[in-house]
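Trainee: Following the hints, position chain B against chain P.
Chains as they are written, first to last, in the working numbering: chain P, 1 to 237; chain B, 1 to 237.
In case anyone wonders, no lab produced these hints; they're calculated from the structure.
The reader is advised that the hints may include incorrect statements.
Derived DEER-like restraints, expressed as beta-carbon distance ranges [unchecked claim]:
id: 1; chain 1: B; residue 1: L67; chain 2: P; residue 2: R28; range: 48 to 58 angstroms
id: 2; chain 1: B; residue 1: S234; chain 2: P; residue 2: G6; range: 45 to 55 angstroms
id: 3; chain 1: B; residue 1: S234; chain 2: P; residue 2: A113; range: 21 to 31 angstroms
id: 4; chain 1: P; residue 1: E171; chain 2: B; residue 2: R235; range: 33 to 43 angstroms
id: 5; chain 1: P; residue 1: L235; chain 2: B; residue 2: R235; range: 50 to 60 angstroms
id: 6; chain 1: B; residue 1: L67; chain 2: P; residue 2: D199; range: 32 to 42 angstroms
id: 7; chain 1: P; residue 1: G233; chain 2: B; residue 2: M71; range: 25 to 35 angstroms
Heads up, simulated BS3-like pairs for lysine-lysine below, C-alpha to C-alpha not over 30 angstroms straight-line [as the list claims (entries may be wrong)]:
id: 8; chain 1: P; residue 1: K61; chain 2: B; residue 2: K59
id: 9; chain 1: B; residue 1: K59; chain 2: P; residue 2: K130
id: 10; chain 1: P; residue 1: K175; chain 2: P; residue 2: K195
id: 11; chain 1: P; residue 1: K99; chain 2: B; residue 2: K130
Being a predicted model, the structure only gives us computed values, none of them experimental.
Think of the CB as a built atom: it goes at the ideal place given N, C-alpha and C, for glycine as much as any other residue.
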Amino acid sequence: MIELEGITKRFGEVIALDRVSLKIDEARIFAVIGNSGAGKTTLLRIISLLERQDEGRYLYKGEDAWSKEEDLKRRITMVFQKPVMFNTTVYNNIAYGLKLRGYTREEIKTKVAEMLELVRLEGYEKKNAKRLSGGEQQRVAIARALITEPELLVLDEPTANLDAANASVVERCIKELVGDGTTVIMATHNLFQAKRLSDRVAYLFNGRLIEVGKTERVFEKPENELTEKFINGELYF
Amino acid sequence: MGMELIFNGIRGAIELILGANPDVAEIAARSVRVSGMATLIASTWSLPAGLAIGLYSFKGKGLLKSLFNSMLGIPTVVLGLILYLLLVPSGPLGFLGLIYTEMGISFGQALLITPIIISFVTTSIESVEKEVRELAKTLGAGRFDASIAVMRETMAGVVLSIIAAFNRAVAELGVAIMIGGNVFVRGSALNTRVLTTAIQMYTSRGDIEMAIALGIILLLIVFVVSMVLNFLQSRFA
Numbered sequence: 001m002i003e004l005e006g007i008t009k010r011f012g013e014v015i016a017l018d019r020v021s022l023k024i025d026e027a028r029i030f031a032v033i034g035n036s037g038a039g040k041t042t043l044l045r046i047i048s049l050l051e052r053q054d055e056g057r058y059l060y061k062g063e064d065a066w067s068k069e070e071d072l073k074r075r076i077t078m079v080f081q082k083p084v085m086f087n088t089t090v091y092n093n094i095a096y097g098l099k100l101r102g103y104t105r106e107e108i109k110t111k112v113a114e115m116l117e118l119v120r121l122e123g124y125e126k127k128n129a130k131r132l133s134g135g136e137q138q139r140v141a142i143a144r145a146l147i148t149e150p151e152l153l154v155l156d157e158p159t160a161n162l163d164a165a166n167a168s169v170v171e172r173c174i175k176e177l178v179g180d181g182t183t184v185i186m187a188t189h190n191l192f193q194a195k196r197l198s199d200r201v202a203y204l205f206n207g208r209l210i211e212v213g214k215t216e217r218v219f220e221k222p223e224n225e226l227t228e229k230f231i232n233g234e235l236y237f
Numbered sequence: 001m002g003m004e005l006i007f008n009g010i011r012g013a014i015e016l017i018l019g020a021n022p023d024v025a026e027i028a029a030r031s032v033r034v035s036g037m038a039t040l041i042a043s044t045w046s047l048p049a050g051l052a053i054g055l056y057s058f059k060g061k062g063l064l065k066s067l068f069n070s071m072l073g074i075p076t077v078v079l080g081l082i083l084y085l086l087l088v089p090s091g092p093l094g095f096l097g098l099i100y101t102e103m104g105i106s107f108g109q110a111l112l113i114t115p116i117i118i119s120f121v122t123t124s125i126e127s128v129e130k131e132v133r134e135l136a137k138t139l140g141a142g143r144f145d146a147s148i149a150v151m152r153e154t155m156a157g158v159v160l161s162i163i164a165a166f167n168r169a170v171a172e173l174g175v176a177i178m179i180g181g182n183v184f185v186r187g188s189a190l191n192t193r194v195l196t197t198a199i200q201m202y203t204s205r206g207d208i209e210m211a212i213a214l215g216i217i218l219l220l221i222v223f224v225v226s227m228v229l230n231f232l233q234s235r236f237a
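Chain P extracted, bound-state conformation:
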C-alpha cells in the first residue's frame, strides 16, 4: 500500500530521516519504534503529507503520493501525540470531517453518536472539547479521525499521555478499526504496546531505519545489535 524509497528529510543541519525505505501492507498495524528524536514523528508527518521529503519517493498504491495530495488528504488521517481540539463542542469536533465531506445533518448525528459510543464518551456532545482531560481529548481526537473512515490512520504516540483505562479504550478502537479494513501506522516508544498491537515493526535510530520485520520476529530474534539493545533497554543516551 505504501512504499517509501530512500526518504531523506533535513531540518537545517539536522538530518531527521536518512534514506529510509519501507513497505507497509494494507489492513495491518505497522508500528514505528525508537527513542525520542529518532525521526518517528517526521516519518509519520511525511506519510500524512504534512511534511514533504527532501529526497526519495513516497508511493501510495503505486502512485506518487504528492501528485495526488488533495485526494489523499481525504483518505489519510493523522492523530497527533498532543491532541489539538477546536474550541467548540465535542460534537462539532467529531463532526468536522463529515461536514467537509458534505454529509447531511441526520447522517452526521447518527455517526457522531456511534463514534461517541466507540470511544465511550456518550453524553459528552455538548461539552467544550478544550475543557476535557487529556485522556478524553485523545479519545475525541481518535473519534474525529475515525468518523471519516480513513484508508490510512496515522497515530503519533496515541497513548503516551494516557492512564491505563484511557489507553485500553484507544487500543481497542485501533484493533476494531483494522478489522474493518483500515491500515494503521503508529509511532510508539511503548515496546509492550508495539508488541501487543502491531503486525510489523520498524526500528528507527538517529533518522536511520535499523530493522524492519514481523513484530514477533523483531522482538524474539532481532537481526541488528542496536535493535536488540533497544528492546532489552540497554541503549542509553
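Mentor: For chain B alone, kept in the frame of chain P given last:
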C-alpha cells in the same frame, strides 16, 4: 481638603448622572458614537489586513509586523497634530472638510487604533495557525477550509482586538481635541465635545463634579462595552 473635594465631586457626579443631565447625556452619547464609528472604520481595513498578515507568508512580513507593533504606542497628540496639519482648510486634505467634525475625530481615531487591531489579530492567528491548519488538513480540509478553521479559532482574539481598539479610541484625548476642537453650543448639530475633551476642560475650569461625573461615565462605557462584547463572543463560540 483633597479627599473632601473628591467626595463632593463623586456626590455631585452621582446627582448629575441620576438626574440625567442632558449635556452629560449628549456628550456621553457622542463619545460612544464617534469611537464606535472609528472602530467600525478601522475594522474594515484592519481585520482583513490582520488576517492576511497572520495567514500568509510573504517577503517583508516581519518588517510589517514590527512596524505595526511599534505604532501601538504612538502618542495621540502627535497623531492629532499631524492630522490637524493635514486637515485644516489650507492643508493638503483640507478639501475633505473633516476638521472640527465628528467624522474627523472618528477618522483620526480609526488611524490611531489600526495598529491595535492588526497586531492583536495577527498575533492571535499566529498563536494557533500551525496546529489548527494541520489538524484541519489531516481531517480532509483544503487550503480554504483550513483558513476558515484558523479564523474561527481566533474569534476570541478578534473580539479582544475590537474591545481594546474601542477602549483606546474612547479614552484618547489628543486626536479628539486637535481634530474635534471640543466645540459645544447647546442644541447645535455641529458639536464635537466628547467625554475626554470635556473632562480635560471641566478639570482645568475647576468644575470637579462635572469632571468626575464624566469620568465615571467614561469608565462605565469601557466596562459595559467590554462585558457585552465578551458575552457575545462566549455565546458565539
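Trainee: Take the C-alpha atoms of P/K61 and B/K59, compute the straight-line distance between them, and say whether it is at most 30 angstroms.
Mentor: The given pair, whose Cα atoms are some 38 angstroms apart, is violated under the 30 angstroms limit.
Trainee: The hint says 25 to 35 angstroms between P/G233 and B/M71; measuring C-beta to C-beta, is that right?
Mentor: About 57 angstroms separates the Cβ atoms of P/G233 and B/M71, which means 25 to 35 angstroms is violated.
Trainee: Are the Cα atoms of P/K99 and B/K130 separated by 30 angstroms or less?
Mentor: The hint holds at about 21 angstroms.
Trainee: Has the hinted range 48 to 58 angstroms been met by the Cβ atoms of B/L67 and P/R28?
Mentor: holds, 54 angstroms
Trainee: Taking the beta carbons of P/L235 and B/R235, is their distance inside 50 to 60 angstroms?
Mentor: With Cβ atoms ~54 angstroms apart, the hint holds.
Trainee: Sort out whether P/K130 lies within 30 angstroms of B/K59, counting only the CA atoms.
Mentor: violated, 35 angstroms
Trainee: Are P/E171 and B/R235 spaced within 33 to 43 angstroms by their CB atoms?
Mentor: Since P/E171 and B/R235 have Cβ atoms about 39 angstroms apart, the given range 33 to 43 angstroms holds.
Trainee: Within a Cα-Cα threshold of 30 angstroms, do P/K175 and P/K195 meet the stated pairing?
Mentor: holds, 13 angstroms
Trainee: Is the hinted range of 32 to 42 angstroms satisfied by the C-beta distance from B/L67 to P/D199?
Mentor: With a Cβ separation near 56 angstroms, B/L67 and P/D199 fall outside 32 to 42 angstroms, so the hint is violated.
Trainee: Could you say whether the range 45 to 55 angstroms given as a hint is met by the Cβ separation of B/S234 and P/G6?
Mentor: Taking Cβ atoms as reference, B/S234 and P/G6 lie about 52 angstroms apart, which means the hint holds.
Trainee: Return holds or violated for the Cβ distance of B/S234 and P/A113 against the range 21 to 31 angstroms.
Mentor: holds, 27 angstroms
In this structure, the earlier hints numbered 6, 7, 8, 9 are contradicted, and the remaining ones agree with it.
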